[in-house]
Every structure is written in C-alpha cells, then in structure tokens.
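> Chains A and B, in that order, give the protein sequences.
Residue 1 is where the first sequence starts when you use the numbering used here, and the numbers rise one by one after that.
Residue 1 is where the second sequence starts when you use the numbering used here, and the numbers rise one by one after that.
Source of the hints: derived by calculation from the structure; they are not laboratory data.
All values reported here derive from a predicted model rather than from experimental measurement.
Each residue gets a CB set at the ideal place from its N, CA and C atoms; glycine is no exception.
It cannot be assumed that every hint is accurate.
Stretches of chain A that chain B covers, calculated by requiring three or more beta carbons in the stretch to come under 8 Å of a beta carbon on chain B [what the hints assert, rightly or not]:
hint: 1; segment: 245-257
hint: 2; segment: 266-273
Cβ pair distances, simulated, as ranges [what the hints assert, rightly or not]:
hint: 3; chain 1: B; residue 1: ASN9; chain 2: A; residue 2: LEU20; range: 34 to 44 Å
hint: 4; chain 1: A; residue 1: LEU162; chain 2: B; residue 2: ILE40; range: 20 to 30 Å
hint: 5; chain 1: B; residue 1: SER243; chain 2: A; residue 2: LEU20; range: 54 to 64 Å
hint: 6; chain 1: A; residue 1: SER198; chain 2: B; residue 2: ALA196; range: 43 to 53 Å
hint: 7; chain 1: B; residue 1: PRO113; chain 2: A; residue 2: SER198; range: 54 to 64 Å
hint: 8; chain 1: A; residue 1: LEU24; chain 2: B; residue 2: ILE14; range: 28 to 38 Å
hint: 9; chain 1: A; residue 1: PHE139; chain 2: B; residue 2: ILE40; range: 38 to 48 Å
Simulated coverage check for chain A against chain B, where a stretch passes if three residues somewhere in it have a Cβ under 8 Å from a Cβ of chain B [to be verified]:
hint: 10; segment: 303-313
hint: 11; segment: 317-323
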Amino acid sequence: MTRRQLWLRFIAHLDRPLLLGVSLLLATSLLVLYSADNASMDRPLAQMRNILVAMTCMWLVANLPLHYLMRTAVPIYVLGMVLLVAVALFGEISHGARRWLNLGVANLQPSELMKIGVPLMMAWYFEKHEATLTLKNYFIASLLLLMPIALIARQPDLGTSLLILASGFYVLFLAGLSWRVMGVLLVAAIASAPVMWSMLHEYQRHRILMLFDPSQDALGNGYHTIQATIAVGSGGLLGKGYLNGTQTHLDFLPERTTDFIFAVYSEEFGLLGSLFLLALYFFVIWRGFVITGNASTYFTRLMAGSITLTFATYTFVNMGMVSGILPVVGVPLPLISYGGTSMLTLLLGFGMLMSIETHKKLVRS
Amino acid sequence: MKKHAEFKNHQREIFHFQLRLVVSIGFVLALLAILLARFIYLQAVRHNYYQTLAESNRISIVPIVPNRGLILDRNGVVLARNYSGYTLEINQNKTPNMDAAINDLSSLIEITPKDRKRFKKLLAESRSFETLVIRSRLSDEEVARFAARQYRFPGIEIKARLFRDYPFGEKTSHLIGYIGRINEADAAQLEGSDLAANYRGSDYIGKTGLEQSYENELHGTTGIEQVEVDAGGRAVRMLSHTSPVSGNTLVLSIDARLQEIAEQSFGNYRGALVAIDPDNGQVLAFVSKPGYDPNPFIDGIDTQSWDELNNSPDVPLNNRALRGQYPPGSTIKPFMALAGLNFNTRKPEQTINDPGVFYLPGSSRQYRDWKAGGHGSVNMFKAIQVSCDTYFYGLSTELGIDNIFNFLSRFGFGNKTGIDMEGETSGLLPSQEWKAKRYQQIWYPGDTVSVGIGQGYSLVTPLQLAFATATLANGGVAYKPHLVKEVRSSLGAEMRLVASEPIYDLNIDPAHLELVRSAMVAVTQPGGTAVYASLGAPYHIAGKTGTAQVIAMKQGEKYDEKAVDERLRDHAWFIAYAPAEKPRIALAVLAENGGHGGSTAAPIARKVLDYYLLGKVPKPLQDVKEKEDIEHD
Chain A
1 MTRRQLWLRF IAHLDRPLLL GVSLLLATSL LVLYSADNAS MDRPLAQMRN ILVAMTCMWL
61 VANLPLHYLM RTAVPIYVLG MVLLVAVALF GEISHGARRW LNLGVANLQP SELMKIGVPL
121 MMAWYFEKHE ATLTLKNYFI ASLLLLMPIA LIARQPDLGT SLLILASGFY VLFLAGLSWR
181 VMGVLLVAAI ASAPVMWSML HEYQRHRILM LFDPSQDALG NGYHTIQATI AVGSGGLLGK
241 GYLNGTQTHL DFLPERTTDF IFAVYSEEFG LLGSLFLLAL YFFVIWRGFV ITGNASTYFT
301 RLMAGSITLT FATYTFVNMG MVSGILPVVG VPLPLISYGG TSMLTLLLGF GMLMSIETHK
361 KLVRS
Chain B
1 MKKHAEFKNH QREIFHFQLR LVVSIGFVLA LLAILLARFI YLQAVRHNYY QTLAESNRIS
61 IVPIVPNRGL ILDRNGVVLA RNYSGYTLEI NQNKTPNMDA AINDLSSLIE ITPKDRKRFK
121 KLLAESRSFE TLVIRSRLSD EEVARFAARQ YRFPGIEIKA RLFRDYPFGE KTSHLIGYIG
181 RINEADAAQL EGSDLAANYR GSDYIGKTGL EQSYENELHG TTGIEQVEVD AGGRAVRMLS
241 HTSPVSGNTL VLSIDARLQE IAEQSFGNYR GALVAIDPDN GQVLAFVSKP GYDPNPFIDG
301 IDTQSWDELN NSPDVPLNNR ALRGQYPPGS TIKPFMALAG LNFNTRKPEQ TINDPGVFYL
361 PGSSRQYRDW KAGGHGSVNM FKAIQVSCDT YFYGLSTELG IDNIFNFLSR FGFGNKTGID
421 MEGETSGLLP SQEWKAKRYQ QIWYPGDTVS VGIGQGYSLV TPLQLAFATA TLANGGVAYK
481 PHLVKEVRSS LGAEMRLVAS EPIYDLNIDP AHLELVRSAM VAVTQPGGTA VYASLGAPYH
541 IAGKTGTAQV IAMKQGEKYD EKAVDERLRD HAWFIAYAPA EKPRIALAVL AENGGHGGST
601 AAPIARKVLD YYLLGKVPKP LQDVKEKEDI EHD
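If we strip away everything but chain A, and leave its shape as in the complex, we get (with noise of 0.2 Å):
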C-alpha cells in the first residue's frame, strides 16, 4: 500500500463535516481555556491531552462496524447496572454525594458510562422487537431507563440522572413511543411535581429558587448565577476582548475552567461571539441530523438520533445556566469545558455517528 491509500484507509471512517464542526469547538476550547487559566498553559495542555485520548478512541469506535458495537450494549449497560450498585454500597463520598468508586488507580464514575451505555441498551432492546412492537415493549424500554436513573438520582446527582433520562427518552420517541402516551406522562409528570419537590434535597431546591431571585443569596448559592450573567451581559456586542474579561481575569466568576466556560467565552467575545458558538454548535446537530436521517437500521436511528439530540440538550441545558435561565446543575458545556470523562464520552459519541455514517453502505450490499 502506498502512503496515501494508508492516509485513505486512515480518515475512510472519519465523517469530514462532522469532524470540521468538533475540531473547531475543541479548538475555541483551547483557546478560553487558556484565558480561562489566566494566560496559563497548564490547563491547555491537560485539555489537550484528554482530547488526544478521546480522539483515538473516537477514531477506534469510528472503525467499529456496526454489529459489533450492537453487540458491546448489553455488556455496557450490564456493567454500568454493576458498578452503580457498587458505587450505591461501597462509593466514596465526596462533596456530600456517593458518586465515585475508588479503584485504586482512579476513581471511576459510572453515571459517566451510562450516559452511553442507557441509550445504546434501549435502542439494542429496540431492534431486537422491531417487527413485533407494542406498548409493552415501550414499557420495558422505560423500565430499562428508570433503574440506572434511580440509582444515579439516589446518589445524589439530579443533574445527570436528569440528562440520561432525556437521551433515554429521546430514545422512546424516535422509536416512536405515541404522541397520547407522551400526552399522558406529561400530566402525570407535571402532577407528581409537588411530591418530587419534597423528595428533593435542601441544596437542589435552593438552587431552583435562585434561578428566580439569585440576589436572595447574593454571596452564596446566588454568587455563581450573578457573576456568571454580569460576566455575559458586560460582554456586549463584542465582548472586551481576548484576555481582558474583568470578571474572569479578577477571579470574580467561579469554576470557570469548567462548567462556567462559556461566560468566559462570552465576556471576552461578545454577542458575536456567542452568535458564532451557537452556529457551530448548530453545525455539529445539523450534521448529527442528517447522519441519523441517513441511518439504515432501526438502532442505527434511534442511537445516531439520541446521540445528537442529547448533544444539543447539553449544549442548551449549559448556556442556559451559565445566563440565568437555568438551575445550576453540574453540565459541562459539551467539547468546551475542561475535564476528560466528558471529553471522551462525547467523543465516543461522535465515533459511533461516524461509524454509522461511513458503515451504512457496506450494511446496505
């Protein structure tokens, strides 16, 4: 083989849009994070290599024909059902909820693995009883979906069990769960609201209420909200510029290396900015669309779709809390925020598209 059929064999799994649109938001990263970490390149460096790892595993996945990744949910999610458990008995304890399991190396957290393995075990159970679907399969589906969320929920993190129900639920409805059903999980949602809000913890309530009036607690809970939206809205037009954020460069907004990363972004770009940040995003969902509107096999679909529809809720779910319309809830925002677990998740992500765009053909013949 000469170079170029290696180099050819090399991208043939990688989709080129979708690799353009993730490689230019995990460059903005690059770029805030190094405004973020004040002119640092200590986080720059670290954010690099954790998309250098997810990368290759990206590309990995990409390669992975289609039966074989049908083939990796059952033990995924199986595993994932095991390591909650555990973390439920044995889990470390760390900021008031039992989230990690040390493993000795390192701390593994397993809500991270279902964030995959949920939907990839739904849209399996999917394909499996595709000719023959009814209600109760749909039922069974859900129920494969509540288990893991209410084990993440007990830990306590509302947060991610509230996102992994959205891809699980995305799931449901792609596979064409009725719009009466839906109707009637509505009512019943929004009628056993009041019982939820008492099951809630202290903490998780304060932070709803202060989406209403962070001011209440201007210095605590309301600190983040308030920083975080003065850092938005000062931004303007066209933000102050490159490392001249105020409110970032004089420590004023919190965790701004993570989940706070977009009003970094904001303060120092602008209206422009945020404008060119949602339009790549909405490049990444677009191709995410297409890929699932391409997608031969009923699991294809309804993964390739939950994948891009969970992307978008997380990219919503975090600009909305970082500008004040949204509880704070611990969400990345996706491909931006400094942190590796997400990284690769996501990127894992975005592997299996690829894979199922540059693998179709070959299901088809």
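With chain A held as given, fit chain B onto it using these hints.
For chain B alone, kept in the frame of chain A given last:
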C-alpha cells in the same frame, strides 16, 4: 403479498421516523432560539446595566483622607498638631461576638476598663459597618505582640494613623475645642450638604471651638484612588490617583504664652478673660476657667469621665468667655457716662450730692450706694473713679431706658460681636420693647435705676465687655474681634488674612471720651477702686471694676460676704486697657464668686498686662483669695 406488506410497513415506519426527526430538529431550533433571545437580552438590551455591575465589581474607590491643618499661635507655637501612631481597630462586621473578642484581646494587650467603657459608647453611636478604635497609642512592643498573633483575631487590625493632639491641653480647651468621631448626627448633616463627598473616608470632624468653626479650612480636600480589585478584594493595580490636599494652617492672633499666664493667674477662681488688640480686633487671649483636657474627646471619651465633666458644679465644659452671661455691674458705668454726655443729660462738671441712698421721685424705695453714708459731692469724673452708684441711679433715670438702649447697643451690648467662633451668646440689653415681649409688662422707672449700675435685667458676656472696652480704648472705632489672624494654604505661598477692618465708628465726641478715659485711669490711681491693679506699674492702666450680684438682696438687707455661701458670692469684674495713652491691649476679666473686682479680677488683669506690655512673667501665684481686700467696689 406478504413481502409487499412488509415493505409497505417499512416505508411507513421510515415516514414516521422522519416525522419524528423533523420534530426533533424543530425542538433543537427552539432551544437555540431561547438561548439566542437570552443572549440578545443580556448582551445587547441590558448591556449597560451589566457593564456597570462589572465595573463596580472591579473598581474600588478608596478615599485618601487629607491631613488636618495645624493651629498655631501668632508666634508659631503649635496649639493643635498631628502625630502618627498605631491603633487597634475592630471591624464590627467581622466580629460577631464583640465581648469575647475583646476579652481574648485583653490577654494580649492591656485594655483598661476605661477603654471598654469608651468603646461601648462608641459602639452605640456608630454605624454597623464602621471599624472602631479599641486601643490607641500602642507601644512598639504591643504592636509586635499583636502582629504575631493577628491570625487569632480576624476582625481586629492594627492601623497607622495620624492623631490630633492639643499640647496645651485644658489651657486652650475652650479656644481650640476638639475634633471627635463623626457620629450619626454629623453624618446626617454632611449627607445633606455638598461636603458629603469630601468626607468620604473621614472619621473626624471639629466638634467645638475653632476646630468646629474653621472645620472647612482645617479638613482639607480628600484624595481619591481608583483601584482595580479582584474578587477577594485585593488591589490588583491602581487606575487613577488624586492626591489629597492637606487642610489649611490657622495662625491665631492668640499669644499662647499670654494665654497660659492669663489662665494661671486665675488660680483657683472660675471665670473668663478676653484680651483684644484694640487697633484691629485681634483676640490676644481667650480664657475660660476651668478648662478640660480635650485630648480624650478625640476618640470618644468614656462615659464616666464624661459624666464627671458634665455634672461638675464648676461646669468646665461651658465656654464662659463666649457663652457666659453675667450682669456687667459697675463696668457699665463708663459707657453710661458717655451716654449721659452724648445726650447732654449731665455736664461733666455738674455735681450731685450722694447721701448714700437714692429715691425715685414720689417713691420710698431705697436704692443704696455701695458705700454706706455715700461719697458726698460727686461729679462725673469722681463718680467713675469711686464707682458712685447714686450718681448713676440719677443719671440713668434722667437718660431714660430708650436713650440707654440706643447708645449702649452701639457698643455692641445685647448683640453678638460676630467673633469667628460658633456658639456665641448675645447677652441682654433690656428695652421697653424687650420687657413687653418677654414679660408682657410695662417698663418701670425702677428698672432703669438698676440698669444704670449694670444690674437688673442687664447681661453681658466677657467677650462683649472686652469688645466694648477695646472700642472705648480705640476712640470709638469698633473692630470685629477675631481669633484667627491668617489662614495659610498647605500648598505653600497662598495666605489669607482675616479682615481687620473697622466695622463701624461710633462718632463719639473726643472731649467726652477724654473725660471718661481719664476717669478710668484715676480708677487705678490712689483714690480709685482698683488702686492695687496699677501699684508699681511703669505704664498707666485705664480700668473699671464691677460686681455682678449672684443673689438679689431684699430691701433693707445688707450683703455680707462672709455670711453667704461661696458659690453665691458676687462675681468680680475688671475691664482695662493699657497703656492708657496709647492702648495696645484691652481686656475684660470675670472671676466668678470673686467678690470685689478690685481685689480679685484686677490682679489677674495686671499680670496679663505686665506680660503683654513688659514681657514680665509672674512669680508662682499665691492664692489670690487669701489677700486682704484693700479697696472696695
């Protein structure tokens, strides 16, 4: 057929899925639209609001308090100064349990019960965000001891500050006054004025005396530093800096040494002395006895000391020179004589016979002369020299209250002198109109008789009497008295003189003046009522003694000094100017409960004159009270 149906089913499924996909895309677009709307709202619509919030996060405006101006006497002697020192201050917000913190602190640094009491009072008066001084004037050792354990006291810190100090203490207390912490009342007053900005960061304000009256000159202009701070409140860099301008220096017309000598000359007497340069109205000495130490007031005096001062029968906090009102007694006689001459009521050579008692026509009420049996044949000159009451009973009756009121008010009686110190009282020059208003009564001829010898309703302040004496000494040209001679700008050359222009000329006939002035010289000569005052003096003193009654004597009752309580004894007055031929100093002395002006007030005046005119420093004082009375009023 079956295959066809399956295919159709598949087609329908695809169609359903694509419908769901379109709904999904719509859903995502809706989410993005919400975000977009929010960004437009924050970054375009409300940008200015958030911009302001970000700026106020970032920029901290730190006022730089200017150094307060100095107060010097006419020779440059410092009367009020600043020195730097360390204080221990408690931040109220950061100290939830104040008592525990202070107890803890007292194991490290001495905190006296007085400090605690003072602090408690301060705490009650202060606003909750203020930091308050718990101890001042820390020694270097104390500073070191605290600094090593600062971590134990998050709300307590050491501050280096400039302190106000009054080196003359109680000798200048009523003159200089003092500064004190800005309390809520001061703050409310400042808030309403355009001075509010200039007092940002200032802790002190003049409370009494010249410190209060010249507050605007002394305070200076507050500087401003704009500092960029981070979230922890740490200064990151300076954005702009406007230096403060120190307060102006006041140069007083007061002679500190003269003031000291005057103060000491009172011995144990309470009273007041005001000495004025008749040529220009400059006040040379301004004494109110007893004084108080103004220094403890600066950082808030403790309640016990305050109560002691406030409830003392000696009323040390009362500025007698400025606010004390006493009947002028016989010191009014030279002015009354001028009135008589002015209205041609009596010729100078006209004599009356003094049998020792005066009757109003048609009345049996006796108005006695101070000398039993009277002075015999008395003309105006002698009437002043021997202070003949009978002569002035008659003169005032003949003048009538309207003429007396009109003439005496020209000397400033009944009016504030307009001296450059706040809080002056105006005394009382009675008139028909005043009495009708005050008592809804008509004026009786008997009222005029009393006014003729400076009793009855008449009241003057020592300052007023000194001012009138200075006007007399200066040939009837009045200069408004003032304590500050010049205001020196802290920036250097600029210097403002406080006006020394005559405010009015009384246009008194020189012949009339000549008569009264020579009679006043005779007062201090053998045969006069204050001969002791000029014994051995190488210059001539023109003077007049006076006695102000503290208790009224009933008809026919004889005042017996030995029989009445010390605090009910008469007040002694002496007014004088010297040298009589070309006066350089005019003064009024009041010795409370001093009895006779000639024996107690005049010697005080003499010491002041001797120092001012001859540079003679008096010997350590003997107790003036023990001296035998040589002369009578």
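> Look at each hint and say if it fits the structure.
Here is what the structure says about each hint:
For a cut-off of 8 Å, the count of residues in the segment 245-257 of chain A with a CB near a CB of chain B stands at 5, and the three-residue condition holds. Counting residues of the segment 266-273 of chain A whose CB lies closer than 8 Å to any CB of chain B gives 3, which reaches the minimum of 3, so the coverage claim holds. The hinted window of 34 to 44 Å between ASN9(B) and LEU20(A) holds, with their beta carbons roughly 38 Å apart. For the pair LEU162(A) and ILE40(B), the supplied restraint of 20 to 30 Å holds, since their beta-carbon distance comes to about 27 Å.
Look at SER243(B) against LEU20(A): about 58 Å separates their beta carbons, and that is inside 54 to 64 Å. For the pair SER198(A) and ALA196(B), the beta carbons lie near 51 Å from each other, so the given range of 43 to 53 Å is met. The beta-carbon spacing between PRO113(B) and SER198(A), approximately 56 Å, falls within the hinted interval of 54 to 64 Å. Taking 28 to 38 Å as the suggested C-beta distance range, the pair LEU24(A) and ILE14(B) conforms, at roughly 32 Å.
For the pair PHE139(A) and ILE40(B), the supplied restraint of 38 to 48 Å holds, since their beta-carbon distance comes to about 43 Å. Check on the segment 303-313 of chain A: 5 of its residues sit with their Cβ under 8 Å from a Cβ of chain B, so the three-residue criterion for coverage holds. Three residues within the 8 Å Cβ limit are the bar, and the segment 317-323 of chain A against chain B gives 3, so the coverage statement holds.
Of the numbered hints given earlier, the model fails none.
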